[in-house]
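Novice: Chains as they are written, first to last, in the working numbering: chain A, 146 to 389; chain B, 19 to 281; chain C, 21 to 305.
Calculated from the structure, these hints are not laboratory results. Any given hint could be a false lead.
[Said to hold, decoys possible] Lysine-lysine pairs mimicking DSSO-like chemistry, simulated, CA-CA at most 27 Å apart: (1) C:K297 to B:K173; (2) B:K111 to B:K215; (3) A:K161 to B:K266; (4) A:K291 to B:K266; (5) C:K196 to B:K117; (6) B:K266 to A:K232; (7) C:K196 to B:K83; (8) B:K261 to A:K232; (9) A:K176 to A:K197; (10) B:K269 to A:K291; (11) A:K176 to A:K323; (12) C:K196 to B:K111.
[Stated by the list, open to error] To list a few chain C residues with every Cβ distance to chain B over 10 Å, as calculated: (13) G38; (14) A40; (15) L42; (16) L95; (17) M118; (18) L129; (19) S134; (20) G152; (21) I217; (22) A236; (23) F247; (24) L283; (25) N289; (26) F291.
Note that the structure is a prediction, hence the values are computed from the model and not measured. We put the CB at the ideal spot given by N, CA and C, even for glycine.
Here is what each chain is made of, one letter per residue.
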Amino acid sequence: MTPRTTFTFEMEELNKEITEMANASRTAFEKAVQMITDMDFSLREEVRALDKRIYQLNEQIDRHCLDIIALHSPVAGDLRLIAACLKMVEDLNRFGRYAMDIAELIDDFEEGKAFKRFEALRTMSCLVVGMVDDAVYSFLQRDAEKASHLHERDDAVDALYDTIFREILTYMMEDPRKITVGIDLILVARYMERVADHSCNIGEYVYHMVTGDRLDPTLRTGDVDVSCAKIFEHPDPRSDLDLK
Amino acid sequence: MTTAIHTEDLHVYFEKNHALKGVNMDIEMNKITAIIGPSGCGKSTFIRCINRMNDLIPGCTVKGKVMVDGEDVNDDDVDVVDVRKRIGMVFQKPNPFPKSIYENVAYGPRLHGVAETIDGKVRRRKHTKKELDEIVEHSIRRAALWDEVKDRLDKSGTSLSGGQQQRLCIARTLAVGPEIILFDEPCSALDPIATAKIEDLLVDLKKDYTVVIVTHSMQQASRISDRTAFFYLGDLIEMGDTKQIFEKPSKELTEQYITGRMG
Amino acid sequence: MMLSRKATEVAVFSLFRGCAVLVVLALLVLVGYIATGGLERLSIEFLTDMPRRANTQGGIFPAIVGTFYLMLIVLSISVPIGVMSAIYLVEYQQNSLMGRVFRLAVYNLAGVPSIVYGLLGLGIFVAYLGLGFSLISAGLTLSIMTLPLMISSAREAIAAVPSTVREASYALGATKWQTIWHHVLPYALPGIFTGIILSVSRAAGETAPLMLTGVAMSLQRLPDSFFDSFMALPYHVFYMATQSSNLLATRPIQYATALVLLLLVLGMNLFAIVLRKRYRDKYRW
Chain A
146 MTPRTTFTFE
156 MEELNKEITE
166 MANASRTAFE
176 KAVQMITDMD
186 FSLREEVRAL
196 DKRIYQLNEQ
206 IDRHCLDIIA
216 LHSPVAGDLR
226 LIAACLKMVE
236 DLNRFGRYAM
246 DIAELIDDFE
256 EGKAFKRFEA
266 LRTMSCLVVG
276 MVDDAVYSFL
286 QRDAEKASHL
296 HERDDAVDAL
306 YDTIFREILT
316 YMMEDPRKIT
326 VGIDLILVAR
336 YMERVADHSC
346 NIGEYVYHMV
356 TGDRLDPTLR
366 TGDVDVSCAK
376 IFEHPDPRSD
386 LDLK
Chain B
19 MTTAIHTEDL
29 HVYFEKNHAL
39 KGVNMDIEMN
49 KITAIIGPSG
59 CGKSTFIRCI
69 NRMNDLIPGC
79 TVKGKVMVDG
89 EDVNDDDVDV
99 VDVRKRIGMV
109 FQKPNPFPKS
119 IYENVAYGPR
129 LHGVAETIDG
139 KVRRRKHTKK
149 ELDEIVEHSI
159 RRAALWDEVK
169 DRLDKSGTSL
179 SGGQQQRLCI
189 ARTLAVGPEI
199 ILFDEPCSAL
209 DPIATAKIED
219 LLVDLKKDYT
229 VVIVTHSMQQ
239 ASRISDRTAF
249 FYLGDLIEMG
259 DTKQIFEKPS
269 KELTEQYITG
279 RMG
Chain C
21 MMLSRKATEV
31 AVFSLFRGCA
41 VLVVLALLVL
51 VGYIATGGLE
61 RLSIEFLTDM
71 PRRANTQGGI
81 FPAIVGTFYL
91 MLIVLSISVP
101 IGVMSAIYLV
111 EYQQNSLMGR
121 VFRLAVYNLA
131 GVPSIVYGLL
141 GLGIFVAYLG
151 LGFSLISAGL
161 TLSIMTLPLM
171 ISSAREAIAA
181 VPSTVREASY
191 ALGATKWQTI
201 WHHVLPYALP
211 GIFTGIILSV
221 SRAAGETAPL
231 MLTGVAMSLQ
241 RLPDSFFDSF
251 MALPYHVFYM
261 ATQSSNLLAT
271 RPIQYATALV
281 LLLLVLGMNL
291 FAIVLRKRYR
301 DKYRW
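Generate the whole structure from the sequences, applying the supplied hints.
Specialist: Shown next as structure tokens:
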């Protein structure tokens with residue numbers, strides 16, 4: 146029996162909570178994107194439910210972390226985990242939020258059809274879903290290496306956003322009746338770009354949690370090579386971790 | 019970053035028990051160095067080597083070097099009394115002499131007298147009453163105790179509270195004019211408020227003295243020390259800046275100990 | 021018969037209390053018996069006059085003075101030697117072979133019967149050193165007799181001084197002797213006083229060594245040097261109770277002498293207790 150049983154128990158409970166929240170956030174975003182690609186509007190309820198749960202867990206984990214700090218004075222690895230949790234919950238919460246936002250925007254087939262027209266948008270959604278996956282799995286697997294490469298794709302995502310914006314602008318100018326759809330799609334792209342940023346944040350927290358060092362912040366400046374967009378498809382097949 | 023104490027391959031044996039196994043350590047001047055580790059790991063044994071207090075324990079053998087100011091404290095031709103004058107020690111349980119507060123603090127200086135250089139020769143003479151008064155007041159002030167006892171210097175040292183007694187012991191040590199002060203778990207017998215006062219005092223003292231503190235409380239070590247050394251079963255496992263030890267220890271054993279997962 | 025726990029407790033406690041009461045009772049009976057027998061004879065003259073008519077009349081002044089001188093000799097010899105030996109034992113030879121041998125010797129010496137010491141005194145001081153039957157022979161003999169007791173109690177007192185005191189002193193740069201003189205001895209004083217009380221009281225009451233080293237039956241004068249003969253209270257009681265010509269007539273004198281001896285010893289004890297209390301308060305630890 147390890148000593149500090151209460152503390153160990155609390156840390157294990159915290160780990161369970163953050164695992165649940167990370168998986169919920171990832172699933173919510175994936176489902177939201179799936180709504181657009183598959184035009185399956187029934188997924189909206191699922192996303193809504195997940196978003197609610199994510200919000201609950203956010204509060205719960207916040208409180209839990211403060212309790213552990215106040216009562217158990219964690220140090221070293223434990224402290225870094227808690228610091229990562231406290232910061233991550235905000236970003237994971239954003240995943241859920243943006244997933245909900247996207248789900249509410251997409252409410253008819255027009256958008257679905259329009260979506261298929263823009264290859265950049267499809268690429269971007271692929272990329273971002275991959276980034277969310279990697280961010281979450283790098284945390285669950287405590288993989289600093291994986292976490293340190295997220296920023297590379299963020300540059301590509303930013304470049305894609307610029308491209309998409311211009312394309313959709315052109316699309317809207319062709320026909321004023323397409324403006325509503327166009328704006329919705331721009332918003333979707335915007336949300337996905339934000340999600341990519343948040344994934345990078347998570348990557349930084351995970352890197353610090355595992356190694357104790359910080360990633361060089363200048364790596365995220367955004368000197369972009371658009372051609373990367375084509376190269377970085379989702380790199381790994383999704384692994385089947387035990388999900389909620 | 020000057021080194022106040024440098025130990026080289028320090029071994030201590032109690033009869034057959036190998037208590038310290040080849041410790042190499044550098045302690046920096048004007049910093050607080052905390053020594054942590056589980057019971058029986060050799061922390062107290064280690065600091066007692068520095069001021070030769072292990073000499074008092076029968077059956078204890080010390081091998082290796084403890085360099086202070088370029089001199090090996092264990093050398094045969096080194097005067098133990100002089101070593102202890104330059105390196106003071108404060109113990110776990112406050113142990114003021116059952117004399118008056120004034121006498122407690124004056125005892126040390128009286129023992130050693132005043133060194134004067136007359137005609138190129140160094141001689142020792144007794145302090146005048148005025149000199150002694152000054153030393154006593156200065157030491158008690160420095161130990162953050164003056165305001166509480168200035169009106170009752172003639173009362174017995176044992177009539178003070180635990181925390182005050184410990185500060186009296188610190189004043190007593192300061193009066194002798196050391197360069198280095200060793201603290202062997204100075205707060206373990208004190209309540210949290212008294213502990214906080216002593217911790218503040220230690221942080222103040224490091225401006226003028228080199229402080230080495232053995233502590234069972236990791237929080238105390240993390241609160242006040244600049245450098246921390248972790249001992250385990252007679253070995254020095256890791257030593258580094260306190261922030262580094264408590265945020266990112268490099269040895270697995272250190273991490274286990276400070277997160278409480280040892281044993 | 022199985023007693024309940026409470027009943028056992030009460031029974032045992034009553035037993036202990038009974039024993040304590042018995043002891044106090046014994047002391048009271050003793051003093052009472054002596055006092056009632058001798059009080060009538062107690063007077064200023066008794067205490068200050070020389071004995072007359074073969075001890076059947078007069079006083080016991082020489083005996084009182086003799087006992088006093090003996091106490092003085094014992095104090096001045098056994099206390100310094102005893103305390104210094106004890107210091108040496110505790111501070112310098114705590115764990116060595118010599119220390120253990122020394123301690124064993126002291127414990128054994130404490131059990132030697134007083135008559136054997138008397139013989140020792142006779143052989144060495146009276147005969148071999150040629151000191152003759154005198155105060156000094158008796159005094160030296162008594163000193164040696166009380167030495168083991170003195171050393172033991174002083175040793176206990178010194179060893180009882182907590183090591184934290186010594187450590188504090190050493191840590192300030194004091195030498196071993198400075199630590200002993202400034203801190204250990206003052207602390208140990210109450211215990212040492214106890215030892216002195218016990219030793220001197222024992223010496224005051226011993227008869228056998230005196231008989232073999234020169235106590236006189238009756239003297240008309242006080243000893244005028246340490247080499248002179250002397251009287252002593254314990255022997256006087258013995259002599260009066262066994263050798264005097266008229267036992268009946270001298271009975272009151274016996275009791276009175278015994279009473280004086282008792283009062284003397286109790287008085288010394290009381291004085292030493294007061295002194296001990298004063299030092300204990302001063303060095304409260």
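Novice: Next, verify each hint and record whether it holds.
Specialist: Hints and how they fare:
| no. | hint | result |
| --- | --- | --- |
| 1 | C:K297 to B:K173 | 19 Å, holds |
| 2 | B:K111 to B:K215 | 16 Å, holds |
| 3 | A:K161 to B:K266 | 24 Å, holds |
| 4 | A:K291 to B:K266 | 20 Å, holds |
| 5 | C:K196 to B:K117 | 19 Å, holds |
| 6 | B:K266 to A:K232 | 19 Å, holds |
| 7 | C:K196 to B:K83 | 25 Å, holds |
| 8 | B:K261 to A:K232 | 21 Å, holds |
| 9 | A:K176 to A:K197 | 15 Å, holds |
| 10 | B:K269 to A:K291 | 24 Å, holds |
| 11 | A:K176 to A:K323 | 25 Å, holds |
| 12 | C:K196 to B:K111 | 22 Å, holds |
| 13 | G38 | 39 Å, holds |
| 14 | A40 | 32 Å, holds |
| 15 | L42 | 38 Å, holds |
| 16 | L95 | 26 Å, holds |
| 17 | M118 | 13 Å, holds |
| 18 | L129 | 26 Å, holds |
| 19 | S134 | 37 Å, holds |
| 20 | G152 | 48 Å, holds |
| 21 | I217 | 22 Å, holds |
| 22 | A236 | 48 Å, holds |
| 23 | F247 | 45 Å, holds |
| 24 | L283 | 35 Å, holds |
| 25 | N289 | 25 Å, holds |
| 26 | F291 | 23 Å, holds |
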